[in-house]
Amino acid sequence: MSASYWSSSQRLHWQFTRNELNEYREQIQALEKNLNVPGSDLSRINIKYDTNMRIYLHNLMHKLGRKLVLRQVILSTAEVFMTRFLLKVSIKEVNIYLLVATCIYVACKMEECPQHIRNLVSEARNCWPEFIPNDLTKLAEFEFYLIEELDCFLLVHHPYNSLISIVKDVLKDPRYNIAITTDELQTCWSIINDSYITDMHLLFPPHIVAITSLYMTLVTFSKDSKKLQTFVKFLAHCKVDLDEIIESTQELLTLYEYWNSYDELSLRKAVHRLLLTLNNSNQ
Amino acid sequence: MNRLYNQTQQPMRMASNDFFSIGPYRKRKDQSRESVLDKYTILGYIASGTYGKVFKASGKSKDNQKQFYAIKKFKIDSKDSEITHYTGISQSAIREISLCKELKNENVINLTEIVLENKCIYMISEFAEYDLLQIIHHHSHPDLKPINEQMLKSILFQILQGLNYLHENWIIHRDLKPANIMVTSEGIVKIGDLGLARKFNNLLQTLYTGDKVVVTIWYRSPELLLGARHYTPAIDLWAVGCILAELLSLRPIFKGEEAKIDKKQLPFQENQLLKIIEILGTPNVHSWKSLKDYPEYHQLSKFNIFPPNLSAWFHSMGGQNKNCLGLLSNLLQYDPADRLSANNALSHEWFSESPAITKNVFKNTKVKYPIRKIQKDDVNLLNQSQQYSNIGQKRAIQDDGSRKRRA
Numbered sequence: 001m002s003a004s005y006w007s008s009s010q011r012l013h014w015q016f017t018r019n020e021l022n023e024y025r026e027q028i029q030a031l032e033k034n035l036n037v038p039g040s041d042l043s044r045i046n047i048k049y050d051t052n053m054r055i056y057l058h059n060l061m062h063k064l065g066r067k068l069v070l071r072q073v074i075l076s077t078a079e080v081f082m083t084r085f086l087l088k089v090s091i092k093e094v095n096i097y098l099l100v101a102t103c104i105y106v107a108c109k110m111e112e113c114p115q116h117i118r119n120l121v122s123e124a125r126n127c128w129p130e131f132i133p134n135d136l137t138k139l140a141e142f143e144f145y146l147i148e149e150l151d152c153f154l155l156v157h158h159p160y161n162s163l164i165s166i167v168k169d170v171l172k173d174p175r176y177n178i179a180i181t182t183d184e185l186q187t188c189w190s191i192i193n194d195s196y197i198t199d200m201h202l203l204f205p206p207h208i209v210a211i212t213s214l215y216m217t218l219v220t221f222s223k224d225s226k227k228l229q230t231f232v233k234f235l236a237h238c239k240v241d242l243d244e245i246i247e248s249t250q251e252l253l254t255l256y257e258y259w260n261s262y263d264e265l266s267l268r269k270a271v272h273r274l275l276l277t278l279n280n281s282n283q
Numbered sequence: 001m002n003r004l005y006n007q008t009q010q011p012m013r014m015a016s017n018d019f020f021s022i023g024p025y026r027k028r029k030d031q032s033r034e035s036v037l038d039k040y041t042i043l044g045y046i047a048s049g050t051y052g053k054v055f056k057a058s059g060k061s062k063d064n065q066k067q068f069y070a071i072k073k074f075k076i077d078s079k080d081s082e083i084t085h086y087t088g089i090s091q092s093a094i095r096e097i098s099l100c101k102e103l104k105n106e107n108v109i110n111l112t113e114i115v116l117e118n119k120c121i122y123m124i125s126e127f128a129e130y131d132l133l134q135i136i137h138h139h140s141h142p143d144l145k146p147i148n149e150q151m152l153k154s155i156l157f158q159i160l161q162g163l164n165y166l167h168e169n170w171i172i173h174r175d176l177k178p179a180n181i182m183v184t185s186e187g188i189v190k191i192g193d194l195g196l197a198r199k200f201n202n203l204l205q206t207l208y209t210g211d212k213v214v215v216t217i218w219y220r221s222p223e224l225l226l227g228a229r230h231y232t233p234a235i236d237l238w239a240v241g242c243i244l245a246e247l248l249s250l251r252p253i254f255k256g257e258e259a260k261i262d263k264k265q266l267p268f269q270e271n272q273l274l275k276i277i278e279i280l281g282t283p284n285v286h287s288w289k290s291l292k293d294y295p296e297y298h299q300l301s302k303f304n305i306f307p308p309n310l311s312a313w314f315h316s317m318g319g320q321n322k323n324c325l326g327l328l329s330n331l332l333q334y335d336p337a338d339r340l341s342a343n344n345a346l347s348h349e350w351f352s353e354s355p356a357i358t359k360n361v362f363k364n365t366k367v368k369y370p371i372r373k374i375q376k377d378d379v380n381l382l383n384q385s386q387q388y389s390n391i392g393q394k395r396a397i398q399d400d401g402s403r404k405r406r407a
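Chains as they are written, first to last, in our numbering: chain A, 1 to 283; chain B, 1 to 407.
Isolated chain B, as found in the complex (with noise of 0.2 Å):
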């Protein structure tokens, strides 16, 4: 006995691989923990994307039973199709994690909670009905049916209303497009999906170092086009400028050819660039100061010299308001530090002037929006199977200025 208790005194001198780590801690938790389908009721299925699948659902317990709500469930970064075991959450995950658990303003979408289960993470928001992808997609087929400039007043106001709650935490949202921005039933605008969001105060290396590709191409501003290392959150006005002239015309102002990421080298995005050159003429150091020190710079002598053409480009979609130009001018400016902050803009005359903004965006319009497609025989939110249904390659197709992470 007393040899025995000198051994397990004596250490060995390498851990094996099933060395106590939380036997007794994980036996407490899971025994206590309730699962995410005790609480919820899964409806169908909507969307899938990098980051993993969303689905529908709605509460089971008696005060929530008829609220709907979004559950995302995290892709693991995994090579098996098959979960079977962990293998660290990515950095992806832990920002739009940690981010959302602080945020609360009303035009960013409202996490309810998050359940970490059986190696798996599922995100619970609030449901939002509509996106303004979904939205300029019908009013653009079959045929082209300008959105009212009430309801597109207004959606825009409550865009920068959430962007600069963001921008005042500190947060560069870095994907804002309109597939990204939920409407709700109730006519609010939610901005979504902050899986590229991060902080921007107390960096410890430049938000380049962490990723080197942000915002989906056709919204991507012209500084990071450029190649710019130290970024600000103007990048995010650049793309409420996109938006706003996409919700004007019914389709995507820059609308680029993306070249293809070469694993050794990020390639310049030529067509990109070329397609805001052509509308808002060539860039020059008199309107853009810092021009020169962009690690791009020297491509720019590769474009024709095109002429400022925005108002003829504002004109030719139909556009009539001069504050409505002039403010889609402020932010798509070449140089952000001229750009308009989302603060500044909020305070814009456009939106001062008749007709007024209204709180539901939908308030005077008539028009019946299609409410989100749901595939409702995929409800198996425990399948660990990565492969896509249907719905989710169409969407994919349509909003296919495809977004770009690391893994």
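So here's chain A without its partners, still in its complex pose (with noise of 0.2 Å):
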């Protein structure tokens, strides 16, 4: 059903625990000792699908995002497309760039903003001209093996429409009475953005994700110590998994810990030896 997030694709297809994604990850790093590239050693070039390449990845979506001019909401659904493919595909299979673009052209579709090919690749090509063909066909293909590597379940459940409800509904509640400040809400909205770079989304439903926003908003930044309390109080009464509340903001926090040593240059250095590497096995 697409109306509600429990009877989803999302829920029923695309969500797993722990050990699922370990072992999903293990079967990647075992494709990857297999992979050969003649005349150079892939295993030598130090890249690894971890906490500072997410961060790199989520950097080049939202550069190309902003290029485009698109809605948040189709990034992020983007940002979902590319979580799952990266779960089940390794990044030395694939030119990053392009699965970037690729991602952000089959979200733009799904979300209703459909954007010409020829657009997207242009302005892919204007922020990576190394690494993007000038060929509609590239990226043309690369929709086809990334729609069917998701199983063509591409309905993506958002935590924003559950924040908003949760604020303009469940919060007013006499009980609780918890005004949200315009600020406090901008910094859960950044907090939600930030989360597709972490496995949030592959792991817990979009709700937690909501609730584990306004709480880390109010534990860092809010001034009013009353009202976390109240929001504990209404966190003690709603049904909502606790323990997924706290591991998503221990996620969270892990991620912001990385993105203070983050070191993108060293990491842009990487990314390209291993494409040209790469392409110059192609040829």
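Hints are supplied without guarantee of correctness; some may be wrong.
Keeping only pairs whose Cα atoms sit at most 25 Å apart, straight-line, the calculated DMTMM-like set for lysine to aspartate or glutamate is [said to hold, decoys possible]: (1) K363/B with E129/B; (2) K60/B with D151/A; (3) K39/B with E149/A; (4) K60/B with E23/A.
No lab work stands behind these hints, which were simulated from the structure alone.
Using the hints, put the two standalone chains together into the complex.
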């Protein structure tokens, strides 16, 4: 069903336990060991699909998104596609710049704001001229393989709606009467945007991510300690899985820690070296 | 060696056309993919349309050998008749794929799987032996033989159940018509062809922005004809009203002539609206409060004033049941805000009175309907040619309220 998350493909087919995620990733590691590029050693290129790499990919996504002046929700859908794809595919098997562009291309269609493929390729090429081939069929081909890998499940439920309905309806309940300020809501929104870098959308339902963003906002930014207390009371009353809230808070804290020491330049170098090596063996 | 290494480190300024894309991944996937022809035996060709071609098939594995399937092969947007390269999947294919993967309801065509292979998309779903266009045709040729009330009522109820499910899921079908309502050999009604369907929650743009023209002309609601930008699921209920009328009279109730579409401007569909006004009377602001707000409101002054005439139409078609007329007039309500919703229509009195609705719509009918024609000499699923064979053309003539969709 597409109205409700509970009977959606997202919950039934694209939500996993941590163990399952680990198994998929072990499979990819095994696959990477067998990836042979004649004449060069891929394993010597220090590239892993880790948090740093994911921040890098997130930034690529947002760079192209800004160029195309896209709504946030389209980028979030695109990022979910990418995260799902990279659960089954190694970053050493594909051109990740083209992957980013393809995810955005499909997400635009899914969110009913289609972009012409020519426009998309040309903007992507403006962003990354060395890595985006000026050939529409390359992106169109990738679209096919992306949709196949996603098993045609393209409808994504995001936490934004949950956030709005919690803030507008639930927290206004006389028992809590918590008024979330515009600034606080903006912070929640940014935290949700960041959550797409992590595995949260493969692990938890959207409302957990929404509540986590509220919790973190109130803990870190709100000067009103009473507000936080009332919010904790709300958490105790509502029947959400508190362990999941704690886990996802932890997930975000770890992300922000990594982000502090994030070194884009060395990552970019490594990615470029990888792509040029793959390209040379391609020819 | 060292120099060479340095050269590879230096990126080229511009990626060439054959720059690395997905080589190793493609190789891995292509090796493991099971072909659609390994899984299904093609029995024949059914029909084609703007969307592509449909074939009848049976399963190849032990558990589905006796099962029939419809395989819809999407036409790829390509100018050449031969598909030699990828061109990007159409918006409508993406919609249909993504929605069908989420839906599961007894009265909506059930998707079995989707296969992407060799630059083509194959949508495999359950096979339905009949559709309402066929059934109505059988009752009207060579002479008129009315559909019995129990069957008619059961069909309508199941359409509404399927539609209610779609609307509960924030999906507007946007192309309901007899040809898109299937009936299985077990007598279960299935709403099919979600190629124009779309979600209407979380809209980033108006529905109008995405597709300027929706719904086949004879089933298009008055608010759409008046140029509504923000329309609602009520457009589907208008179409259900038209289908109910057609099941009763065995011909389209509002059989207007479509004004040709000019590339620059969408024409006002004057003849279609006239057909509606002739039966339902001229709409006015008393019965339709927002009437003046529609972009094409001023066009209404072109028409003569007609009085409401639906009950006269109903009786002239041999209709007698009051509740049936009541439901019909609630579905063919001018103001979309007053039109019955699918959910409310399901609890309409007509459905609870005798004769009772049946789960198998054929239960108490002796009529034997002809089974779906297939062309057995066209079993070449992989054939890339876009030329349509005869059955498809004949069908296109029968179903000449042609659908409109954006390429």
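Hint check:
no.: 1; hint: K363/B with E129/B; verdict: holds (16 Å)
no.: 2; hint: K60/B with D151/A; verdict: holds (21 Å)
no.: 3; hint: K39/B with E149/A; verdict: holds (19 Å)
no.: 4; hint: K60/B with E23/A; verdict: violated (32 Å)
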